[in-house]
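A.B. asks: From just these sequences and the hints, can you work out the full model?
As you go down the protein sequences, you meet chains S and L in turn.
Note that the numbering used here has the first sequence beginning at 1, numbered continuously upward.
Note that the numbering used here has the second sequence beginning at 1, numbered continuously upward.
No lab work stands behind these hints, which were simulated from the structure alone.
Positions of the beta carbon are idealized from the N, C-alpha and C atoms, including for glycine.
Heads up, none of these hints are tricks.
With a cut-off of at most 27 Å between alpha-carbon atoms, the simulated DSSO-like pairs for lysine-lysine come out as follows:
{"id": "1", "chain 1": "L", "residue 1": "K70", "chain 2": "L", "residue 2": "K108"}
{"id": "2", "chain 1": "S", "residue 1": "K104", "chain 2": "L", "residue 2": "K73"}
{"id": "3", "chain 1": "S", "residue 1": "K71", "chain 2": "S", "residue 2": "K57"}
{"id": "4", "chain 1": "L", "residue 1": "K73", "chain 2": "L", "residue 2": "K108"}
{"id": "5", "chain 1": "L", "residue 1": "K3", "chain 2": "L", "residue 2": "K70"}
{"id": "6", "chain 1": "L", "residue 1": "K108", "chain 2": "S", "residue 2": "K57"}
{"id": "7", "chain 1": "L", "residue 1": "K108", "chain 2": "S", "residue 2": "K104"}
{"id": "8", "chain 1": "L", "residue 1": "K108", "chain 2": "L", "residue 2": "K16"}
{"id": "9", "chain 1": "S", "residue 1": "K104", "chain 2": "S", "residue 2": "K57"}
{"id": "10", "chain 1": "L", "residue 1": "K70", "chain 2": "S", "residue 2": "K104"}
{"id": "11", "chain 1": "S", "residue 1": "K57", "chain 2": "S", "residue 2": "K11"}
{"id": "12", "chain 1": "L", "residue 1": "K73", "chain 2": "L", "residue 2": "K3"}
{"id": "13", "chain 1": "S", "residue 1": "K57", "chain 2": "L", "residue 2": "K3"}
{"id": "14", "chain 1": "S", "residue 1": "K14", "chain 2": "S", "residue 2": "K57"}
{"id": "15", "chain 1": "S", "residue 1": "K11", "chain 2": "S", "residue 2": "K71"}
{"id": "16", "chain 1": "L", "residue 1": "K108", "chain 2": "L", "residue 2": "K3"}
{"id": "17", "chain 1": "S", "residue 1": "K104", "chain 2": "S", "residue 2": "K71"}
{"id": "18", "chain 1": "S", "residue 1": "K11", "chain 2": "L", "residue 2": "K108"}
{"id": "19", "chain 1": "L", "residue 1": "K3", "chain 2": "S", "residue 2": "K104"}
Calculated Cβ distances over 10 Å to all of chain S for the following chain L residues:
{"id": "20", "residue": "Q14"}
{"id": "21", "residue": "K16"}
{"id": "22", "residue": "D26"}
{"id": "23", "residue": "N67"}
{"id": "24", "residue": "N76"}
{"id": "25", "residue": "S80"}
{"id": "26", "residue": "A81"}
{"id": "27", "residue": "Q83"}
{"id": "28", "residue": "D86"}
{"id": "29", "residue": "A88"}
{"id": "30", "residue": "S113"}
{"id": "31", "residue": "A116"}
Sample of chain L residues lacking proximity to chain S, with all beta carbon distances greater than 10 Å (derived):
{"id": "32", "residue": "V13"}
{"id": "33", "residue": "E15"}
{"id": "34", "residue": "D22"}
{"id": "35", "residue": "N58"}
{"id": "36", "residue": "T60"}
{"id": "37", "residue": "F68"}
{"id": "38", "residue": "I115"}
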Amino acid sequence: DTGVSQDPRHKITKRGQNVTFRCDPISEHNRLYWYRQTLGQGPEFLTYFQNEAQLEKSRLLSDRFSAERPKGSFSTLEIQRTEQGDSAMYLCASSFLGATTNEKLFFGSGTQLSVL
Amino acid sequence: AQKITQTQPGMFVQEKEAVTLDCTYDTSDPSYGLFWYKQPSSGEMIFLIYQGSYDQQNATEGRYSLNFQKARKSANLVISASQLGDSAMYFCAMRGSLSGNTPLVFGKGTRLSVIA
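C.D. replies: What follows is the structure, encoded as structure tokens:
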């Protein structure tokens, strides 16, 4: 297993277009997270899944954003009607839920979105 | 809610010297975990070290150690014998346990540059 993989690495789109990103977590991990990172900032939590259930969504996740993890394996993050403010790095992370506070996240390399 | 503050936007260190990256945190959770991640220019977040709030000893992982001062709510990362490959962004993060499902919250990061 090579870790968390994200596709594509880079995406350039025009304002108003829809985009979809994919994340493949480490195979035995049951939790999957999406974060967004803008230049000069730390990652900000968007949403996470435990198996196929989406357990929490941040207020940052507007109605234009939707995430799925249909079979509890890979996940997709779709942004509809993209805006220039959506330009950011979208990071996916996975973990195996054990004890609560020491849950270690393993991150992918991210998808860099540029909205023109 | 948890909050992480990293007050050093950038740090320089001479190769083979030690460097301390500052992190302070705020939480009302009685139990929490503190993490440091490294983000090289490739974008992937790499886990470095973990400290639990009830751990008696400061965490160490190879050249990384965490100077945990609970009363001051600080969790500084110490990198000994700096190497050129240590040049990267470093993020402090924390996770509380009150709700059992709090996501990892990150600071804004510190850019470390190691000089030959």
